[in-house]
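Respectively, the protein sequence lines represent chains A and B. Under the working numbering, think of the first position of the first sequence as 87, with each following residue one higher. Under the working numbering, think of the first position of the second sequence as 87, with each following residue one higher.
Please note that the accuracy of each hint is not assured.
The list treats identical chains as interchangeable, and a pair is accepted whether it falls inside one copy or across any two copies.
As the list claims (entries may be wrong) - Below 30 angstroms or equal to it, Euclidean Cα-Cα: the simulated DSSO-like pairs (lysine-lysine) are:
1) Lys231 - Lys317
2) Lys88 - Lys136
3) Lys304 - Lys438
4) Lys88 - Lys439
5) Lys88 - Lys207
6) Lys433 - Lys109
7) Lys438 - Lys103
8) Lys151 - Lys438
9) Lys88 - Lys103
10) Lys121 - Lys433
11) Lys103 - Lys121
12) Lys109 - Lys220
13) Lys293 - Lys381
14) Lys121 - Lys438
No wet-lab data here; the hints were simulated from the structure.
Protein chains: 2
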Amino acid sequence: MKAVILAAGMGSRLNMKPKPLLKVGGIEIILRSMKLLSNHVDEFIVVAGKFYDEIKSFLEDVPFKHRIIKNEHPEWGNGYSLKLAKDHVNGKFVLLMGDHIYSEDFIREAIRGEGLIVDGKPSYIDIEEATRVKAVNGRIENIGKGLEDYNFIDTGFFILDDSIFEVANRLPDDVSVSDIIRDARLRVYEVSGYFWTDVDTEEDLKKANWLLIESSIKDTDGLVSRYINRKISTRISALLINRVTPTQMTFVSFITGLISAFSLLFSIQAGALLYQLSSILDGCDGEIARASLRKSPFGGYIDSIMDRFVDFLFLGILAFMFPSSLLPALFAIFGSFMVSYTREKYKVEFGKKTLEDRTKYLIGKRDERVFIIMLFCLLGYINLMFWIIALLTNLRVLLTLVTVWRVEISEGGKR
Amino acid sequence: MKAVILAAGMGSRLNMKPKPLLKVGGIEIILRSMKLLSNHVDEFIVVAGKFYDEIKSFLEDVPFKHRIIKNEHPEWGNGYSLKLAKDHVNGKFVLLMGDHIYSEDFIREAIRGEGLIVDGKPSYIDIEEATRVKAVNGRIENIGKGLEDYNFIDTGFFILDDSIFEVANRLPDDVSVSDIIRDARLRVYEVSGYFWTDVDTEEDLKKANWLLIESSIKDTDGLVSRYINRKISTRISALLINRVTPTQMTFVSFITGLISAFSLLFSIQAGALLYQLSSILDGCDGEIARASLRKSPFGGYIDSIMDRFVDFLFLGILAFMFPSSLLPALFAIFGSFMVSYTREKYKVEFGKKTLEDRTKYLIGKRDERVFIIMLFCLLGYINLMFWIIALLTNLRVLLTLVTVWRVEISEGGKR
């Protein structure tokens, strides 16, 4: 299947850059769509107008098969852009707006549809500016910006087949896609409630950026992460996402962690606060990676290993400074490791992505440990802190083993 | 597909137990075959004779669908047993001897064949006692024990179809399977060089037991494991395999490890020797599990977690006893842990079973670490030992990271 991307817009009110090349959520709008569609689409047909050169040069570095067509009359309306794609597609194809931002969830659902994908309850766009659709019996009755009587919003995403060109050719060249599909009485397919949007103002851009980061939060977060760290890390990510790579953030958080550990030698309080800061920053790489579709196994791998090293260094230096607490310190270091190890090894042996929900509510995840360590360091109770972390982590490990035993032996095979 | 298992033999020379119910390599001969065939076969037809009651009662606990038929005239020869299976199979079916031991590799190849599975170079059986086959143009010309002119050995494993019963019915009731297939001029299919055998004497039993354990050794072993530990652990496994479960062996090795750590408080030398003993015993659970087809994810999971705990306890107690070595001790504990963690986490993130061969020759695996620790403890160089383990393990971790970087980034995607 091929996809036609209409990118012949006349430029945005934002700046003189073509909208499809604006970075939102860490990635150019058009590239996000291409990445998300790349599993379903084998070639992209991009129709560009005024910004043909910029878009062409941008696409040169893009690893997806594509062809770029020049629309010499972008002022005629986007229907003419669609017409230009006629000779490059056959059978079923996807049509989408190059300046709309679609989320992974939206595309996953939309790709299964047929006709115009419409949204019945759009939460993320400005209804005033939106193209409204009146559908009757699953087909378009009317479509347009000012429509008073409407039941859906046009998402700018279509699953068409080449019969649309017969309709298009009956109409004059200076029509819009809306005119063509109204005339075709195209089917509508509802995909409601997922994030997609069109950006027109600086405000829209910021909002879209923020929503993409917010939706990239993992649902396996611990309590401290959920109620404290994420509130801060997402704001940092939103500020930085269009400027840094996830790997850079991994190293920023790692370096902060190293500094926090060595700061202990000068001030326990400063070290503790920096440790908590590194834990907050530790959320940013994942947020940026997921929001900008740059999540990678190597990123996850190196991030988790650096976490282990920072934890070891922080607790190890503290153990050195308080040798009388060596016993709980060793168990705290061991337990902190084992929380991760028992979880990862479980995935390896049982080939599952996560352990059952039962461990989800156990306290002792990294965000929670770091926070507790910080609190007790600030209060000066180092020995007590070691005991608490030792107990908490080793208890969590024990409960993990019991859970695995229950899940896999009671309900699974026996050895 | 169904499988017919001939288990109407008149009893062995070994003892009065029916041969199919003898435990070899930790599992009854007939149950091994059933387990290995269970992915290919949906019902087992077991023909029993003199030992019908024993076999029937044994099969009651077996989790595979089966039907047991009584042969009232086992003295007539095993051809009559085959005839009795006629009404219970249709189309293609497997026929095998209930008293033969087949390895996983043999069955994997044999199941793809057609006709009589023959072995051109049997390494594990007594040619004098074996049934010899003369095949010409892929079909049986002659078959029998005393045959002078032969090119194959009968493995007692067949892939037949129900046309064999037409031939069988033309022959008298007191014939052997050999007589029937000779008359049918059955096809032969060569599967050579894999372990399979028939056991007649105590000697045979021991040999088969040993071969099954030897072939269960993992090829990811470290140097110490390969040249020292396995020589001893396989002998222990061979002695115990028909008496203990893998889980019991896991606990024996774990308890030995715990004792070794606490022994340090009384004698470093005794502790060190016991630690090495626990490392040797640590091989037995896996050997027994694989040889007896009882390998389980939970077994692998709990075994590796107990290893981590024993290592931590041993090095932790030593660190306590030699507080001046705390710095290298902490890094030795950390590095030992990270050797496992970086390997397991790699499997999780990249969905691969093992890291590339490149890390295979890095020293620092558990068997090697334990051996080095033992040596230096015996010599009394505790501080040096901690430094060596700290360097060795952390170097291995570093090289693992570099390898992952090379394999996954140079050759894979980029973040």
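Cross-check of the supplied hints:
1. In this assembly of identical chains, lysine 231 and lysine 317 lie within 30 angstroms of each other by CA distance neither inside one copy nor across copies; the values are 37 angstroms within and 81 angstroms between.
2. Proximity of lysine 88 to lysine 136 under the C-alpha cut-off of 30 angstroms is restricted to the intra-copy arrangement: shortest distance 23 angstroms within a copy versus 71 angstroms between copies.
3. With identical chains, the CA atoms of lysine 304 and lysine 438 are at most 30 angstroms apart both within one copy (17 angstroms) and between copies (23 angstroms).
4. For the homomeric pair lysine 88 and lysine 439, neither the shortest alpha-carbon distance inside one copy (33 angstroms) nor that between copies (36 angstroms) is at most 30 angstroms.
5. Taking the closest pair of Cα atoms, lysine 88 and lysine 207 come within 30 angstroms of each other only inside a single copy of the chain (28 angstroms); across copies the shortest separation is 57 angstroms, beyond that limit.
6. For the homomeric pair lysine 433 and lysine 109, neither the shortest alpha-carbon distance inside one copy (36 angstroms) nor that between copies (34 angstroms) is at most 30 angstroms.
7. Taking the shortest alpha-carbon separations for lysine 438 and lysine 103, neither the intra-copy value of 45 angstroms nor the inter-copy value of 43 angstroms comes in at or below 30 angstroms.
8. Taking the closest pair of Cα atoms, lysine 151 and lysine 438 come within 30 angstroms of each other only across two copies (29 angstroms); inside a single copy the shortest separation is 34 angstroms, beyond that limit.
9. Within a single copy, lysine 88 and lysine 103 get their C-alpha atoms as close as 26 angstroms, which meets the 30 angstroms cut-off; across copies the closest is 70 angstroms, which misses it.
10. Proximity of lysine 121 to lysine 433 under the C-alpha cut-off of 30 angstroms is found in both arrangements, the shortest distances being 28 angstroms within a copy and 26 angstroms between copies.
11. With identical chains, the CA atoms of lysine 103 and lysine 121 are at most 30 angstroms apart within one copy only, with a shortest distance of 21 angstroms there and 66 angstroms across copies.
12. For the identical chains of this complex, lysine 109 and lysine 220 are neighbours neither inside a copy (33 angstroms) nor across copies (76 angstroms), given an alpha-carbon limit of 30 angstroms.
13. Only within a single protomer do lysine 293 and lysine 381 lie at most 30 angstroms apart by alpha-carbon distance; the minimum there is 22 angstroms, versus 53 angstroms between protomers.
14. In this assembly of identical chains, lysine 121 and lysine 438 lie within 30 angstroms of each other by CA distance both inside one copy and across copies; the values are 26 angstroms within and 24 angstroms between.
Hint check: violations occur at hints 1, 4, 6, 7 and 12; the rest are consistent with the structure.
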